[in-house]
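> Using the sequences and the accompanying hints, generate a full structural model.
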Amino acid sequence: MWSYVLKRLLLMIPTLFGILLITFVVIQFVPGGPVEQMVAQFQGFEAGGEGPGAAEAGYRGRQGVDAVRVEEIRKLYGFDKPAPERFVQMLGQFARFDLGKSFFHNKDVWQLVVEKLPVSISLGLWTFLLVYLISVPLGIAKAVRAGTPFDTATTFIVLLGYAIPSFVMGVVLLVFFAGGSFFQWFPLRGITSINWHELSIPGKILDYFWHIALPVTAMVLGGFAVITILTKNSVLEEIRKHYVLTARAKGVDERRVLWRHVFRNAMIPIMTGFPAAFVGAFFSGSLLIETLFSLDGLGLLSYESVIRRDYPVVFGSLFLFTIIGLLTTLLRDLSYLWVDPRVKFFD
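For the sequence shown, my numbering gives the first residue as 70, with consecutive numbering after it.
Be careful, since some hints might not be right.
Ranges of calculated distance between the beta carbons of each label pair, as one might list FRET restraints [claimed, not checked]:
# : residue 1 : residue 2 : range
1 : Asn264    : Arg329    : 25 to 35 Å
2 : Ile270    : Trp71     : 42 to 52 Å
3 : Val99     : Lys170    : 42 to 52 Å
4 : Pro83     : Val244    : 42 to 52 Å
5 : Val321    : Ala232    : 20 to 30 Å
No more than 30 Å apart at the CA atoms, straight line, and that leaves these computed lysine-lysine pairs for DSS-like [what the hints assert, rightly or not]:
#  : residue 1 : residue 2
6  : Lys170    : Lys150
7  : Lys150    : Lys176
8  : Lys144    : Lys170
9  : Lys176    : Lys319
10 : Lys176    : Lys144
To be clear, the hints were calculated from the coordinates, so they are not data collected in a lab. Because the structure is a prediction, the values reported are computed rather than measured. For glycine and all other residues, C-beta sits at the position ideal for the given N, C-alpha and C.
Structure, rendered in structure tokens:
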């Protein structure tokens, strides 16, 4: 098994290199680079135009700005160097886990990620817990009562929630419960109140859950359909197997058959998805939900970085999230071995 893990870890290096290389090449042709963004700020209006690797001739966004000032900006951002040299320099930084410094926030990328992480954890982690706490029992109940009115009604509700986008549900919740045309029971923005530090510990906890109630609800309602249906189908598949029929024929109690035999085997595909879902919970903040509820998380940071061409943040977050994704995939594969000892790894 350890040789398999070592091979997978070594394969992550060319995979990561390829992702960074392709993204770097594409970025060179994206219009409106950071140099143009800064020049536009000097001119007092939004600039569009050509990317950092494109020719400057005919670019209206730089007209009226001294050429010496433009060259100073290019040198400040490192665009006075050839693209291959900048790429190699970036790889060297990433090899030391130095994600660089933001062009526009004037902060290290690591610091920005740490600052935005609490919001993404709040959205992702609670969504993960609630989705699984609802989906697994509901899926088991649907499998046991397959074909009954309960199964039909819950399927309709689950698919209805899945069909409604989370941001649409968020708008509905805001209109009804956050100062719209009906009730003002929940706050419109933020993850805590302004006076959060002055509150007692119970007050801080209540204030925190008060603020995240609506965004988490909007994300949960559309997120548990897949797990529910997967759990139901997995349980139904196990119920129809011969060992269950044999156990019933021997007179084993139905509850014991369900929880001691069916549940253990049916949960294998669900349990193996836990590592990816749990790790992803820290980085699964929804951009639209964060924007809608004015939550300053990683999703909003990534979007703003792309719009403003803040390349250190774009590449730094891409590097970090790619590593986490690759390690999570490996952990998911290994979880098959931990959950089901029948699975073997071959060299």
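> Each of the hints needs a verdict: does it hold here or not?
Right, here's what the structure says about each hint:
Hint check: Asn264 to Arg329, Cβ distance near 52 Å, so the stated range 25 to 35 Å is violated. For Ile270 paired with Trp71, a C-beta distance near 45 Å keeps the hint of 42 to 52 Å intact. Restraint check, Val99 to Lys170: a C-beta distance of roughly 20 Å breaks the suggested window 42 to 52 Å. Between Pro83 and Val244 the Cβ separation comes to about 49 Å, which falls inside the hinted range of 42 to 52 Å.
Distance hint check for Val321 and Ala232: the Cβ-Cβ separation is about 40 Å, which falls outside the suggested range of 20 to 30 Å. Straight-line distance between C-alpha atoms of Lys170 and Lys150 comes to about 17 Å, which keeps the hinted pair within the 30 Å bound. Between Lys150 and Lys176, the direct Cα distance comes to roughly 22 Å. Compliance with the 30 Å bound is thereby established for this hinted pair. At roughly 15 Å between alpha-carbon atoms, Lys144 and Lys170 fall within 30 Å of each other, so this suggested pair holds.
Pair hint Lys176 plus Lys319 does not hold up; C-alpha atoms about 68 Å apart against a cutoff of 30 Å. Under the criterion of a C-alpha separation no larger than 30 Å, the hint pairing Lys176 with Lys144 is consistent with the structure, at around 19 Å.
When the structure is compared with the earlier hints, violations turn up for hints 1, 3, 5, 9 and for no others.
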